[in-house]
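Undergrad: The chain contents come next:
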Amino acid sequence: MRRLATACVALVTWALPAHAQTIDDYVTTFTLDNGMDVVVIEDHRAPVVTNMVWYKAGSADEPPGSSGVAHFLEHLLFKGTETLAPGEFSKTVAANGGTDNAFTSYDYTGYYQRIAADRLELVMKMEADRMVKLQLDEADILTERDVIIEERNTRTENDPGALFGEQRNAALYLNHPYGTPIIGWRHEMETLNLQQALAYYEKFYAPNNAILIVAGDVLPEDVRALAEKYFGPIPANPELGDRVRPQEPPQTAERRLQFKDPRVAQPYVIRSYLAPERDPGAQEKAAALSLLSEVLGGGQTSVLSKKLQFDTQTAVYAGAFYRGLSYDDTSFGLIIVPSEGVTLQEAEDALDQAVAEFLEEGIDDEQLERIKFQLKAQQIYALDNIEGIARRYGSSLTAGLTVEDVQAWPDILQATTEEDILAAAREVFNRDASVTGWLMSDTEVTQ
Amino acid sequence: MKHLITRTLTGALAGIATYLLPVGAMADVDIQEITTEAGFQAWLVEEPTIPFVSLELRFEGGASLDPEGKRGVTNLMVGLLEEGSGDLDARGFAEAQEALAASFGYDVSDDSISVSARFLTENQTEAMALLRESLINPRFDQDAIDRVRAQVISSIRSDATDPDTIARKAASAKLYGDHPYATMIDGTEDSVTALTRDDLIAAHKGTIAKDRIYIGAAGDITAEELSKLIDALLADLPETGLPLPQDVDITTTAGITVVPFDVPQSVALFGHRGIPRDDPDFFPAFVLNHAFGGGGFESRLMTEVREKRGLTYGIYSYILNKRHADLMMGRVASANDRIAEAIDVIKAEWAEVAENGISEEALEEAKTYLTGAYPLRFDSNAAIADIMVGMQFMGLTPEYITSRNDRVDAVTMDDIKRVAKRLLLTDELHFVVVGQPEGLESTPSQ
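Here the protein sequences line up with chains S and B, keeping their order.
So the first sequence is residues 0 to 446, counted in numbering that gives the first Met the number 0.
So the second sequence is residues 0 to 445, counted in numbering that gives the first Met the number 0.
Some clues are possibly wrong.
Under the rule of at most 27 Å between Cα atoms (straight-line distance), these lysine-lysine pairs were calculated in the DSSO-like manner [said to hold, decoys possible]:
1) 307(B) to 132(S)
2) 371(S) to 284(S)
3) 416(B) to 90(S)
4) 204(B) to 69(B)
5) 69(B) to 173(B)
6) 321(B) to 209(B)
7) 168(B) to 227(B)
8) 227(B) to 69(B)
9) 259(S) to 168(B)
10) 420(B) to 346(B)
11) 124(S) to 366(B)
12) 90(S) to 366(B)
13) 90(S) to 346(B)
14) 90(S) to 69(B)
15) 366(B) to 173(B)
It is worth saying that the hints were derived from the structure and are not from the lab.
Given the sequences, and given the hints that come with them, work out the whole structure.
TA: The structure is reproduced here in structure tokens:
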């Protein structure tokens, strides 16, 4: 590798142009009197706008026993309100050439429309309407409950990898609701009712628990006027309270599980460690873990790929993953997909050895430099995808971060050193706070 | 995109035509048609506000050019383009690409090989030199072949237990007979295991050639710069490649093929022959399909199967215009004990719309959606480069962008009634169902 690097462009370090504008230059933020945060991201290249409302409420905010209700309610928001007939919301968006959809995760529920910029008022008006004026009846509930159960069939029941993931997650979190699947456990989904959906709606759907994000060919002052007109009159919910979920106790015992399914054609091993997330004003450790996942598992040049796919042919794939955007403790993961003839035990041992060697050897300076340069370039490429920036703000702000945290993140990543990354690695690779899962076919004893 | 400046051009640029095209009266897309000195045709949209370029290349032919007995060779070859070229081995190539923060994507389908590149203005010369090596001088090192082959085989094995892939495989075999489309492009474990380095070299030479290339670029680059860049990138490709495949006639009979597989939810693909892209009835068919099952929440299939009955999470239909076949297809997934009902509803809707068309209101809604949504597609360099290559591939001219919405608006109720009988063929509607569907058996019995 080193021999080649000297012979090619790999050694050249490029300086990005000083005149390039940063993402921050396109972002304006303000807060309405009722507590609703607003983020405007300008992109005047095409006459398009994306209107999004993000609620700081996801599946991890559900009361125990009603798993899936956050996502169920997300579906029900396309039913009627006091002024809109069932289905009229999407129909109106489509009749104006727009598309709309919604999404639910552990920490947020979001709704969006993508439409011609001169139709922003229309969609904002309808989005404000359904924040508080939803009207549901029992018939809506029953048909839509069938739909979400079919959605669970599609996403989870038909995919052994997804069923395996549910079991691993449930084992990783001893007490926190992140151990419950976003879509819900099937037996609880089957009994979800109108009362549960409305209770969740009335508690969490309020301007002081929501973020409006408007991205595209718009001006901040115009967005402010529209937001004040449509969302401004909606009163804050004084009953909202603090966002506190059950937290993890000290984890003192490693967990291991084997998931067997005849549909598994390619077995693999995943280990997840409980890990800190990005916290407001304190993102350094998460930055180190983000870079650790790149160094270990970010593609062909990464440490795990080199050791397990190139130097030895132990794996057809080896990688690492980390999701720093999370309200509570998140996870750091390692995965190895063994080559033909390599058992899961051998693969797991090789993975452990590779990580141990990495902690001894430290980080290649050139690799870290390349990763940091790519992160800088991402700031430029990101400007071509304004909706991506909108989603980044939405998922950050609903994870408890501030606009300042979002804007500080690129510099924090750049300032992270080899020592920071290795220290974070030593701390996170604690087997007592981990789950190791083997996905295997039940028809095979060995591979 | 708004009002870009078209520069005066000299030097390496042999010809240029510029079109300032209003899209629906909302936006302008300024496409420059370029002919380079070496004779390549390319379309460019200049967008100097962000210092990078999106470049799309497409080579016609793709996996359908796999020689007899070598199924999967084009797919494996394309997977190896980024695994070492010129002086660089696989990791050396990846390191060089990372050091430039450029991204190169190589993809293959039945009909084409596509290359999607994204690179910073500041190091575009170096980035293109690296991309050139991967296209012109791939090494096909034996260790890289073995490594990527193992990845392909792993993926073939996983697909073997994925109900959607099983359905695609069964439907393709049924629809395409002995045409290359009839089998999966990644090949089988046996066919991929048997491939040699010589097979890969031959596939590279036969599929990535000058006589089948389409080029689109959008971003911070002038026509003159692009012209030089293209010549440096592509001038050393072979002049000609392998002969392109023949067209295939699609014939199906009404019925059901059940592929037993132990999953809780059955997956069904359904359809029959379709309407060609250049058929005078294509636009009415396109509008009708949108109203019928075109993916929105408002489509007729979505309303009947999901919204009214809760039988599925998702159902859609689509007109599939492949290079050598035209189809009208759809997909649905329902629990094993409900799929039979979903299929009954779909059959009834197929017959109903074939017979009576759709309402005036549904037609108007489809038209306003399609015409309103069209300009929203042109919202990024990456999207514009991709659209421009797609248009060239389909034989369209830049003016198509301005006339496309007019053609949608021109569709009348009479057109819909006439085309419904051509687009929805109840007597030919065949379902491939993968799962343990209750109350369904293969018909006509085979």
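Undergrad: Name the hints, by number, that the structure is in violation of.
TA: 7, 8, 14, 15
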